[in-house]
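Colleague: Full structure from sequences and hints, please.
In the order they appear, the protein sequences are chains R and D.
Residues in the first sequence are numbered from 1 upward in steps of one, following full-length UniProt numbering.
Residues in the second sequence are numbered from 1 upward in steps of one, following full-length UniProt numbering.
Accuracy of the hints is not assured; some may be wrong.
To give an idea of the chain D side of the interface with chain R (calculated C-beta under 10 angstroms), a few residues [stated by the list, open to error]:
#: 1; residue: A75
#: 2; residue: R84
#: 3; residue: A92
#: 4; residue: V93
#: 5; residue: A104
#: 6; residue: A127
#: 7; residue: D133
#: 8; residue: L146
#: 9; residue: G148
#: 10; residue: V152
#: 11; residue: L153
#: 12; residue: L163
#: 13; residue: R180
#: 14; residue: T183
#: 15; residue: G238
Read the hints as simulated data drawn from the structure, not as lab findings.
Ideal placement from N, C-alpha and C gives every residue a C-beta, glycine not left out.
Listed here are the chains, written in short residue letters.
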Amino acid sequence: MNRKTGRGNRIGLLIMGLLLLLLGGYTLARGTHALPRAVAPGDEPLVNDPVRTAFATYSPWLWWAIALAAVVLALFGLRWLFVQGRRDKLGDLRLQHSSGGTTDVRGSTVADAVADEVGAHPAVLSASAAMVGTKAHPAVRLRVVADEDLPMSALREQLGRRAIPHMRQALELAHVPAITRVNLERR
Amino acid sequence: MTIPPSNPPSGSWGAEDDTVPIPGTQSPTSGERPVPDPVSGAGPAPGTFTAPGAEVTEETSPPARVPRNHAADRAAVRAFRPRRVVPAVITAVLMTALGALVAAEVISALLGRPLRWIPYDRMLSWASTTRWDDSRVLFGAGVAALLGLLLVLLALIPGRPRLIPVRTGDPELIIGMQPRGFTRALTHAAEQVPGIDRARVKLRGKTAEVTAHSPLREPAGLAEAVQRAVTTRIAALGPLKDYPVRVRLRGE
Numbered sequence: 001m002n003r004k005t006g007r008g009n010r011i012g013l014l015i016m017g018l019l020l021l022l023l024g025g026y027t028l029a030r031g032t033h034a035l036p037r038a039v040a041p042g043d044e045p046l047v048n049d050p051v052r053t054a055f056a057t058y059s060p061w062l063w064w065a066i067a068l069a070a071v072v073l074a075l076f077g078l079r080w081l082f083v084q085g086r087r088d089k090l091g092d093l094r095l096q097h098s099s100g101g102t103t104d105v106r107g108s109t110v111a112d113a114v115a116d117e118v119g120a121h122p123a124v125l126s127a128s129a130a131m132v133g134t135k136a137h138p139a140v141r142l143r144v145v146a147d148e149d150l151p152m153s154a155l156r157e158q159l160g161r162r163a164i165p166h167m168r169q170a171l172e173l174a175h176v177p178a179i180t181r182v183n184l185e186r187r
Numbered sequence: 001m002t003i004p005p006s007n008p009p010s011g012s013w014g015a016e017d018d019t020v021p022i023p024g025t026q027s028p029t030s031g032e033r034p035v036p037d038p039v040s041g042a043g044p045a046p047g048t049f050t051a052p053g054a055e056v057t058e059e060t061s062p063p064a065r066v067p068r069n070h071a072a073d074r075a076a077v078r079a080f081r082p083r084r085v086v087p088a089v090i091t092a093v094l095m096t097a098l099g100a101l102v103a104a105e106v107i108s109a110l111l112g113r114p115l116r117w118i119p120y121d122r123m124l125s126w127a128s129t130t131r132w133d134d135s136r137v138l139f140g141a142g143v144a145a146l147l148g149l150l151l152v153l154l155a156l157i158p159g160r161p162r163l164i165p166v167r168t169g170d171p172e173l174i175i176g177m178q179p180r181g182f183t184r185a186l187t188h189a190a191e192q193v194p195g196i197d198r199a200r201v202k203l204r205g206k207t208a209e210v211t212a213h214s215p216l217r218e219p220a221g222l223a224e225a226v227q228r229a230v231t232t233r234i235a236a237l238g239p240l241k242d243y244p245v246r247v248r249l250r251g252e
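Modeller: What follows is the structure, encoded as structure tokens:
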């Protein structure tokens with residue numbers, strides 16, 4: 001679950017919501033005779049002669065088109081469902097050396113190093129981390145449990161001045177964003 | 001007029017750092033400036049500028065000076081916004097079911113072996129005799145339109161962040177506190193005040209409501225002391241939004 005899922009969900013909800021609004025709105029407008037009589041009269045049955053004629057003329061292509069639309073709808077729905085469980089943990093990160101060689105670093109190794117460094121602080125009770133994002137733009141997701149007396153500046157310092165710059169050095173990248181969830185507990 | 005600083009409450013982890021900006025922080029552009037007065041712990045609301053020393057609050061301990069970075073604040077709020085998973089799952093399941101059902105029925109009929117799960121003969125005769133201005137049609141359309149509106153609102157409205165974002169001054173360092181842990185820390189701060197037996201903190205709306213119990217019969221200045229302690233602790237934790245503290249003192 002990550003930010004991309006959230007954004008994708010909102011886009012999907014927006015599209016489906018607009019579709020429903022459109023369908024419902026059109027039906028309401030037509031049913032209340034708000035639309036011009038010549039184009040869309042409200043006192044016709046839902047399936048009237050023009051509709052029947054269209055189906056008769058264009059069948060079976062029309063039906064195949066409907067079937068295709070239904071299949072596409074189902075596939076989009078399935079993809080949307082699968083995306084919810086997406087865990088974007090990064091497997092390997094590639095470090096490019098100027099000499100032309102490359103080194104692959106396991107994401108979990110880097111993440112564990114960051115977590116260990118954060119956990120070294122006496123006020124931090126436990127810390128775990130995972131590398132997320134893409135090889136080109138990695139990020140680190142941290143979960144920290146800290147003592148309830150923790151001054152946040154101490155955690156900020158431990159992260160911002162030690163753990164993260166060390167990670168940036170190790171990955172040879174200037175920008176590695178970090179998202180940290182802190183839970184304050186009684187020691 | 002400024003109040004002279006006193007000792008920070010929990011000194012086990014050394015004095016709080018307050019002068020050097022964190023490396024990796026974007027240097028403040030002309031539109032941003034550091035927290036104006038180290039003594040006024042709570043600080044002004046983000047986006048407003050006050051003259052140094054103009055604030056007279058009850059804060060006494062100097063908090064860490066974090067360069068105010070609007071990009072960092074925005075990044076933090078955005079990172080913890082609700083992801084709308086439940087409405088998405090419901091919508092996706094309905095989409096898949098509807099699409100699969102219609103596809104199965106239509107394709108099977110086209111191939112000559114109709115499944116006949118959907119009673120479309122009955123549906124066709126109903127649709128041929130029901131008009132657009134039928135009250136049932138209008139009712140159904142109204143329901144659909146309302147549902148559509150609900151989905152659109154869910155998509156567009158950002159929603160309250162599920163974790164309390166912390167001010168870091170660096171858009172690449174995002175920290176969020178679990179609300180329960182936050183209130184636990186504030187409760188602890190309230191209970192450290194001498195004379196307080198136990199306390200409970202609830203975040204209601206934008207304020208922190210403290211209910212403290214004390215066995216003392218004449219608690220002079222106790223409420224103020226609790227308010228000071230909790231406000232100081234909030235400042236030490238540095239959430240983006242400021243939580244004014246309201247104290248209710250109860251006897252045992």
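Colleague: Please check whether V152/D passes as an interface residue: C-beta within 10 angstroms of a C-beta belonging to chain R.
Modeller: 4 angstroms, holds
Colleague: Are R84/D and chain R close enough, Cβ to Cβ, to be under 10 angstroms, as the hint says?
Modeller: At 5 angstroms from the nearest chain R Cβ, R84/D passes the 10 angstroms test, so the hint holds.
Colleague: Using Cβ atoms only, decide whether G148/D comes closer than 10 angstroms to chain R, and label the hint accordingly.
Modeller: OK, holds: G148/D within 10 angstroms of chain R, min 3 angstroms.
Colleague: Minimum Cβ distance from L146/D to chain R below 10 angstroms?
Modeller: It holds, given that the least Cβ distance between L146/D and chain R is near 8 angstroms, below 10 angstroms.
Colleague: Against chain R, with CB atoms and a cut of 10 angstroms, does the hint on A75/D hold up?
Modeller: The hint holds - A75/D has a Cβ within 10 angstroms of chain R, the shortest such distance being about 8 angstroms.
Colleague: Can A127/D be said to touch chain R, with a Cβ gap under 10 angstroms?
Modeller: Constraint on A127/D satisfied, holds at 4 angstroms.
Colleague: Minimum Cβ distance from R180/D to chain R below 10 angstroms?
Modeller: 8 angstroms, holds
Colleague: Can T183/D be said to touch chain R, with a Cβ gap under 10 angstroms?
Modeller: Given a least distance of 9 angstroms, the restraint on T183/D holds.
Colleague: With a cut-off of 10 angstroms on the beta carbons, see whether A92/D makes it to chain R.
Modeller: This hint holds: A92/D lies near chain R, its Cβ roughly 4 angstroms from the closest one there, short of 10 angstroms.
Colleague: Given L153/D as an interface hint, is the shortest Cβ-Cβ distance to chain R below 10 angstroms?
Modeller: This interface hint holds because 8 angstroms falls under the 10 angstroms limit.
Colleague: Regarding the hint that A104/D lies at the interface with chain R, is the smallest CB-CB distance below 10 angstroms?
Modeller: 8 angstroms, holds
Colleague: Minimum Cβ distance from D133/D to chain R below 10 angstroms?
Modeller: Holds, about 4 angstroms.
Figure legend: structure checked against the earlier numbered hints; every hint is met.
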